[in-house]
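A.B. asks: Chain by chain, the residues run as shown.
2 protein chains.
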Amino acid sequence: MSEAVETILNEVTEHIRPGADERVAVKTLTELIIKKVNSKAASMGINARAISVGSTARDTWVSGEADIDIFIMFPADISEHELKEKGLLLAKSVSDRYEERYASHPYIHAYFRHGGREYGVDLVPCFAVKDATSLKSAVDRTPFHNEYVIQKLSGLEDEVRLLKQFLRCLGIYGSEQRRKGFSGYLCELLILKYRSFLTLLKHAANWRYGERIDIEGHGQYRGKDPLIVIDPVDPRRNVAAAVSSYSFCRLIDAAREFLAKPSREFFFPKEVKPLSESEFRSILKDRGTYFVILRFKAPDVVEDILFPQLRKAESSIRRLIERNEFVVYRSDVTVDEGYALLVFELLVWQLPGIKKHIGPPVTLRKHAEKFKKRHSPPFLIENCRYVVELKREYTDVMCLLKNELQSCSLGRHLSDVVEEAGYEVLTPEELKLTPGICSFFRDYFGNS
Amino acid sequence: MSEAVETILNEVTEHIRPGADERVAVKTLTELIIKKVNSKAASMGINARAISVGSTARDTWVSGEADIDIFIMFPADISEHELKEKGLLLAKSVSDRYEERYASHPYIHAYFRHGGREYGVDLVPCFAVKDATSLKSAVDRTPFHNEYVIQKLSGLEDEVRLLKQFLRCLGIYGSEQRRKGFSGYLCELLILKYRSFLTLLKHAANWRYGERIDIEGHGQYRGKDPLIVIDPVDPRRNVAAAVSSYSFCRLIDAAREFLAKPSREFFFPKEVKPLSESEFRSILKDRGTYFVILRFKAPDVVEDILFPQLRKAESSIRRLIERNEFVVYRSDVTVDEGYALLVFELLVWQLPGIKKHIGPPVTLRKHAEKFKKRHSPPFLIENCRYVVELKREYTDVMCLLKNELQSCSLGRHLSDVVEEAGYEVLTPEELKLTPGICSFFRDYFGNS
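Chains as they are written, first to last, in our numbering: chain B, 1303 to 1750; chain A, 1303 to 1750.
No lab work stands behind these hints: they were computed from the structure. For glycine and all other residues, C-beta sits at the position ideal for the given N, C-alpha and C. Please note that the accuracy of each hint is not assured.
Claimed, not checked - Negatives, chain B to chain A, calculated, CB over 10 angstroms:
1) His1411
2) Ile1656
3) Arg1667
4) Asn1685
Unchecked claim - In silico lysine-lysine, DSS-like type, Cα no more than 30 angstroms apart, as pairs:
5) Lys1672/B <-> Lys1599/A
6) Lys1704/A <-> Lys1599/A
7) Lys1657/B <-> Lys1672/B
8) Lys1734/B <-> Lys1704/A
9) Lys1658/B <-> Lys1438/A
10) Lys1587/A <-> Lys1438/A
11) Lys1432/A <-> Lys1658/B
12) Lys1342/A <-> Lys1438/A
13) Lys1504/A <-> Lys1693/B
14) Lys1454/A <-> Lys1675/B
15) Lys1438/A <-> Lys1495/B
16) Lys1674/A <-> Lys1482/B
17) Lys1657/A <-> Lys1734/B
18) Lys1575/A <-> Lys1563/B
19) Lys1675/A <-> Lys1658/B
20) Lys1575/B <-> Lys1338/A
21) Lys1575/A <-> Lys1526/A
22) Lys1526/B <-> Lys1526/A
23) Lys1704/A <-> Lys1668/A
24) Lys1657/A <-> Lys1614/B
25) Lys1672/A <-> Lys1693/A
26) Lys1668/B <-> Lys1482/A
27) Lys1704/B <-> Lys1504/A
28) Lys1432/A <-> Lys1657/B
29) Lys1668/B <-> Lys1454/A
30) Lys1587/A <-> Lys1675/B
31) Lys1672/B <-> Lys1454/A
32) Lys1504/B <-> Lys1675/A
33) Lys1438/B <-> Lys1454/B
34) Lys1482/A <-> Lys1572/B
35) Lys1614/B <-> Lys1672/B
36) Lys1563/A <-> Lys1587/A
37) Lys1657/B <-> Lys1614/A
38) Lys1526/A <-> Lys1575/B
39) Lys1438/A <-> Lys1672/B
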């Protein structure tokens, strides 16, 4: 068994390790851009210098997935405003085709052609602070991460690549809000801790909620996340803060599965066809549940802002549904072709025309008298409380959602969109089954 | 207002106080029976003596409701067996028509004609213990209650009658299990405490759960009942232990209503017609809920044994229904024409064909592995636990009740009956609407 694992991992490594050509191309392009930025800075009289960071700087990228990260470092004593202005100016001046993006502050995502391929390059202005605990902005930590990893990781790069590829196939690689998985830096730290992909899996298979890893033994973080990996360059920070309990459990589960039955399929999953329309209809029929889909124009914000708002809206609407005594079985959110979709699957979607309205305890005289004035007899008594039977406002969940969405807290961006452009409440029959939707539902039903 | 109350109470008192003829008749008959018992005892060589107890002995009965209670007192040093044998023999020897009944031990309920009327008379053997705290049987306390009340109550008898009549109209007079209301002795103690019906109501209107009344200031009772009235002759006993929280709240509610708007209707409620069949059908239609009625032959036991078992079965079946994710709106039990009926009103009585089966936390490796062996993929992860989707056993509540009643704890007597004679699961359409059933449903829907 153990030999088989080694064989598999070696084969996979050969496959995902960048070849000589790719390495040379990435290295040449990176140096070219750095030189360009630095000479532009000099000619524009800007005190700044570019450095290469991220997986390409640390040799931990997976072949074919190279994203070049260039940080443009400014003195820590200039203003936020000056950083933004001069940083973006400089970044744009070296790029032919680019777009402005936004994380904790704006940066440039540019496209460079090189050796017959196109590379995406992030050009990120930051402050050159004196250490990672005296940040002026969240990105200022990155150069310290870079230095730390380069110093310590030497020789373990292939293990990091295995982990990244493994997580990518599970759908939990990347710390962005849509995914809430493991960032590249987190992968590097996990390998630094356990020294190999296989040892990491053996430990992960036994992880408990709140698992704590503190390589430098200096942690001051007191949060209650599923996984806590103290940042070696900042004792107050959990590098795994973005890892959802789902991603955490998914890794644990996959670690056990792989250890029990190692296979290269974990690294190259077989293509799963999206659901066909007839498969989709037949699954719905078998389940016998009722789907309601809320659809509206996705607001024009980045996914890292959009997804938390969709999740918030999802749980707010779920509470609305449950407050009205319908029963939600499962729910999920997705974004597809410019639309945000909130999907609710219900066990109970229609209810009788009456409902119980539970009043105050009979013994609380003031409240009791108010209640009896406000309502009409008969007054029932249940569990020492007055109860009256009222007409139910909504006997159908469609009706509820068509009328009461405004009463939910949807978050600013969603509220604006819903107010301006409205929203639709759809049944699956009314939903256009795009490839994105079909693939969403394949995952929803369990991608097997 | 206050004058109006006095007028009402005086009028009612005149109406419910027994007249001279009734008093003479009750007194004569009581003395006659006592004399008969005592002389029979002497002739049979039995060491026993009869005394008159209860409301007729204390002059607290409501006109037309006289139940004569005769206790036959035996020396405390004879055996349980001897008491039962000789007591019943003696009681039967003075009675022409009687039946044997059973409370804490057997007694005779006899019928005597006197002055053109028939009277029910309880003939109860008991031990003449030295005080109420050294009982040999629960009924041994009664002679002490009798003595205490006769000594203290003088002059307040009409107030007791008002209270009894008030409670009777509310349906909460009597401590038997079907009713779980206020016993006659409890009524007398409440009047002893507050000295008048009206003062009692004024206090009851402000009662809190766990209200404690301890006339002799010697209570040692530590239970958590809604109402606690320490027995003046036994500090360890709560005379109000049988009062359900419903009866407790009902009195509080009615006290406030009466004080706010005094009326003789509280003492002579207008006749309410039982529901007609068409009214019944139309109410069901308006509610839109679903009724299921379980019916089986009532086992041949007294109501005080039957009703607790029915209540137990009700909550056991309710749990069965809810475990299967149907939603019970209300439920109740009744006995009618030899049948026990358990009535369940449902908000949700049909469900889709799938259900979630929630497994162990992903992090508990042993349990997780067992779970994954037992079930088939896909394994979803929700809230850090494995979840599989299974076929729902029962998608219809009728089917559930027809198949799974045996899995409920029904109590010995009900189990026996159900096993021998079976049970029916009925919809309201299949239910024969006897006068008893119609009157039950009138109460169920709120008797207005």
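A.B. asks: Now tell me, hint by hint, if it's right for this structure.
C.D. replies: Consistency of the hints with the structure:
1. The non-interface label for His1411/B is consistent with chain A: the shortest C-beta to C-beta separation is roughly 33 angstroms, beyond 10 angstroms.
2. Once the 10 angstroms rule is applied to beta carbons, Ile1656/B is inconsistent with being away from chain A; the minimum gap is 5 angstroms.
3. A cut-off of 10 angstroms between C-beta atoms contradicts the statement that Arg1667/B is not in contact with chain A; the least separation is 6 angstroms.
4. Non-interface status of Asn1685/B relative to chain A is broken: a Cβ of that chain comes within 10 angstroms, the nearest being about 7 angstroms off.
5. A C-alpha spacing of about 45 angstroms is found between Lys1672/B and Lys1599/A, which places the hinted pair above 30 angstroms, so the restraint is violated.
6. The suggested pairing of Lys1704/A with Lys1599/A holds, with an alpha-carbon distance near 16 angstroms, which does not exceed 30 angstroms.
7. With a C-alpha separation of about 20 angstroms, the suggested pair Lys1657/B and Lys1672/B falls inside the 30 angstroms cut-off, and the hint holds.
8. As the CA atoms of Lys1734/B and Lys1704/A are separated by approximately 43 angstroms, the hinted pair breaks the 30 angstroms bound.
9. A C-alpha spacing of about 48 angstroms is found between Lys1658/B and Lys1438/A, which places the hinted pair above 30 angstroms, so the restraint is violated.
10. Distance check on the hinted pair: Lys1587/A and Lys1438/A sit about 55 angstroms apart at the alpha-carbon level, beyond 30 angstroms; violated.
11. Our distance criterion of 30 angstroms between C-alpha atoms is broken by Lys1432/A and Lys1658/B, whose separation comes to about 53 angstroms.
12. Proposed proximity of Lys1342/A and Lys1438/A is supported: the alpha carbons are some 25 angstroms apart, at most 30 angstroms.
13. With a C-alpha separation of about 35 angstroms, the suggested pair Lys1504/A and Lys1693/B falls outside the 30 angstroms cut-off, and the hint is violated.
14. A C-alpha spacing of about 41 angstroms is found between Lys1454/A and Lys1675/B, which places the hinted pair above 30 angstroms, so the restraint is violated.
15. Straight-line distance between C-alpha atoms of Lys1438/A and Lys1495/B comes to about 76 angstroms, which puts the hinted pair past the 30 angstroms bound.
16. Simply put, Lys1674/A and Lys1482/B have alpha-carbon atoms about 25 angstroms apart, close enough for the 30 angstroms limit, and the pair holds.
17. Between Lys1657/A and Lys1734/B the CA atoms are separated by roughly 27 angstroms; this keeps the pair inside 30 angstroms, and the hint holds.
18. With a C-alpha separation of about 75 angstroms, the suggested pair Lys1575/A and Lys1563/B falls outside the 30 angstroms cut-off, and the hint is violated.
19. For the hint pairing Lys1675/A with Lys1658/B, the CA-to-CA distance comes to about 43 angstroms; that exceeds 30 angstroms, so the pair is violated.
20. In summary, the hint linking Lys1575/B to Lys1338/A is not supported, as the alpha carbons are separated by about 97 angstroms, beyond the 30 angstroms threshold.
21. For the proposed pair Lys1575/A and Lys1526/A, the alpha carbon gap of about 38 angstroms is over 30 angstroms, so the pair is violated.
22. With a CA separation close to 40 angstroms, the supplied pair Lys1526/B and Lys1526/A exceeds the 30 angstroms bound.
23. Between Lys1704/A and Lys1668/A the CA atoms are separated by roughly 38 angstroms; this puts the pair beyond 30 angstroms, and the hint is violated.
24. Of the pairs offered as hints, the one joining Lys1657/A and Lys1614/B holds, with about 25 angstroms between alpha carbons and a cut-off of 30 angstroms not exceeded.
25. Of the supplied pair hints, the one linking Lys1672/A and Lys1693/A holds, its CA atoms being roughly 20 angstroms apart against a limit of 30 angstroms.
26. This hinted pair checks out: Lys1668/B and Lys1482/A have alpha carbons roughly 27 angstroms apart, not beyond 30 angstroms.
27. About 50 angstroms separates the Cα atoms of Lys1704/B and Lys1504/A, which puts this hinted pair outside 30 angstroms; it is violated.
28. Restraint check for Lys1432/A and Lys1657/B: not satisfied, since their Cα atoms lie roughly 57 angstroms apart, outside the 30 angstroms limit.
29. For the suggested pair Lys1668/B and Lys1454/A, the alpha carbons sit about 36 angstroms apart, so the restraint of at most 30 angstroms is broken.
30. For the given pair, Lys1587/A sits about 28 angstroms from Lys1675/B by alpha-carbon distance, which is consistent with the 30 angstroms threshold.
31. Pair hint Lys1672/B plus Lys1454/A does not hold up; C-alpha atoms about 40 angstroms apart against a cutoff of 30 angstroms.
32. Taking the CA atoms of Lys1504/B and Lys1675/A, the gap is near 20 angstroms; set against the 30 angstroms cutoff, the hint holds.
33. Our distance criterion of 30 angstroms between C-alpha atoms is met by Lys1438/B and Lys1454/B, whose separation comes to about 26 angstroms.
34. For the hint pairing Lys1482/A with Lys1572/B, the CA-to-CA distance comes to about 68 angstroms; that exceeds 30 angstroms, so the pair is violated.
35. Straight-line distance between C-alpha atoms of Lys1614/B and Lys1672/B comes to about 36 angstroms, which puts the hinted pair past the 30 angstroms bound.
36. This hinted pair does not check out: Lys1563/A and Lys1587/A have alpha carbons roughly 34 angstroms apart, beyond 30 angstroms.
37. Our distance criterion of 30 angstroms between C-alpha atoms is met by Lys1657/B and Lys1614/A, whose separation comes to about 25 angstroms.
38. Of the supplied pair hints, the one linking Lys1526/A and Lys1575/B is violated, its CA atoms being roughly 64 angstroms apart against a limit of 30 angstroms.
39. The suggested pairing of Lys1438/A with Lys1672/B is violated, with an alpha-carbon distance near 50 angstroms, which exceeds 30 angstroms.
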